[in-house]
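Number of protein chains: 2
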Amino acid sequence: MEDSVMLLCDIGNTSYHFFDGESEFKESVTSFSPNSIKKKVYYISVNSKVNEQLFELENWINLASFISMESFYETMGIDRVVASMAVANGVVVDAGSAITVDLIRDSVFVGGFIYPGIRAMSKCYKNISPALDYSFNFTLDLESLPKNSQDAISYGFLKTLHREVTSYKLPIILTGGDAKLLQKIFPQAEVDEKLIFSGMKKIISII
Amino acid sequence: MEDSVMLLCDIGNTSYHFFDGESEFKESVTSFSPNSIKKKVYYISVNSKVNEQLFELENWINLASFISMESFYETMGIDRVVASMAVANGVVVDAGSAITVDLIRDSVFVGGFIYPGIRAMSKCYKNISPALDYSFNFTLDLESLPKNSQDAISYGFLKTLHREVTSYKLPIILTGGDAKLLQKIFPQAEVDEKLIFSGMKKIISII
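Residue numbers (the working numbering), protein chains in the order written: chain A, 1 to 207; chain B, 1 to 207.
Same shape as in the complex, but just chain A (with noise of 0.2 Å):
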């Protein structure tokens, strides 16, 4: 396998994200055209019009298709069960427009849920009330339970899920656009924003 001259994408609703093996770019989905690169990309796709396109191209391999869903669920996202490949023992939380728990026991995955993202509560909250249109406070006091309106709201959606994910007492590996944020109540947890890429290049090893 030539790695410098092998590119991996992981594609979403908005856009592909590539790693050259040092540094990330995004492409928007829209705007981007794939048969530009020539090189070898081997990719993951949640994006089922950008999938079509793809499966025209030669130098364009598509991941899914070397992996068994059998130890996952036939409806769970690629991108969940690639970044689940990549940790032996854990709890990979992927902070985007969702936010996805995967619990991972001796490399075997053992269930996962999947809560709303940052942005997402933030309108939730306020479509059910403008007396709720608070923005969340990720320093809030996670060992009492609050006395004012914007920590009642930040409590509601954090601390459920973070005494949840800390249930598990295994290592938290944060990822997704807003892993950094989401560090702020879970200091403990590792961020790695390449982890779908360490996922990919395993699977890649193997086939």
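Treat the hints with care, as some may be off.
The list cannot tell twin chains apart, which means a pair is met if one copy fits it or any two copies do.
Unchecked claim - The calculated lysine to any residue pairs, modelled on SDA-like cross-linking and capped at a C-alpha distance of 20 Å, are:
1. LYS26 with MET6
2. LYS169 with LEU142
3. LYS39 with MET6
4. LYS26 with GLU193
5. LYS123 with ASP133
6. LYS123 with SER97
Hints listed in this document are in silico derivations from the structure and should not be mistaken for laboratory results.
Since this is a predicted model, take the numbers as computed values, not measurements.
Got chain A; can you put chain B on it based on the hints?
Only chain B this time, still in chain A's reference frame:
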């Protein structure tokens, strides 16, 4: 105090919720005329428009003016305050458009938090992605991490709340429109749809 001619009323954003000592009934905020009632009405209200109207009517008595907010906090909803006053030791879970959770120990309000209600949270997941547009499974297994999409969002919404609420190791009292639905995940809880009226009676007894 003449119980037989007295009415209690809890006013929300959409309805007047009456209790005459025996039965409950609701009237719509948009169509009901409060001056059609000549009896004495003790009320609380989170609806500022209705409050203005009622201020003019002598037989409508706002119980909020008899409550010291010092033990609570300034922006706390009066319905949460009054429900909390009905309980000596317990967790009040009021499941409406939002789910409020309030802890009372030895008749003292310890603190509380605000979580999205069932409809709001369902909409929240759906807005993130059509792939998350599932109804919640209230009979999911709370003891093991899910391996399917419906349970993954149900667990995200319900288990995180469940873990927090049960952590206080105090009796749980469910109230509000979705109390019976939430009882499915809190089978040990008591459902008390008239909790707010018990709190109101307690206040009336000391004024």
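Against the structure, the hints:
For a Cα distance limit of 20 Å, the shortest separation of LYS26 from MET6 inside one copy, 16 Å, qualifies, whereas the shortest one across copies, 67 Å, does not. Taking the shortest Cα distances, LYS169 and LEU142 sit within 20 Å of each other both inside one copy (17 Å) and across copies (18 Å). Taking CA atoms no more than 20 Å apart as the test, LYS39 paired with MET6 passes inside one copy only; the shortest distance there is 6 Å, against 81 Å between copies. Taking the closest pair of Cα atoms, LYS26 and GLU193 come within 20 Å of each other only inside a single copy of the chain (13 Å); across copies the shortest separation is 53 Å, beyond that limit.
For the homomeric pair LYS123 and ASP133, the shortest alpha-carbon distances inside one copy (8 Å) and between copies (17 Å) are both at most 20 Å. Both within a single protomer and between protomers do LYS123 and SER97 lie at most 20 Å apart by alpha-carbon distance, with minima of 12 Å and 14 Å respectively.
When the structure is compared with the earlier hints, no violation turns up for any of them.
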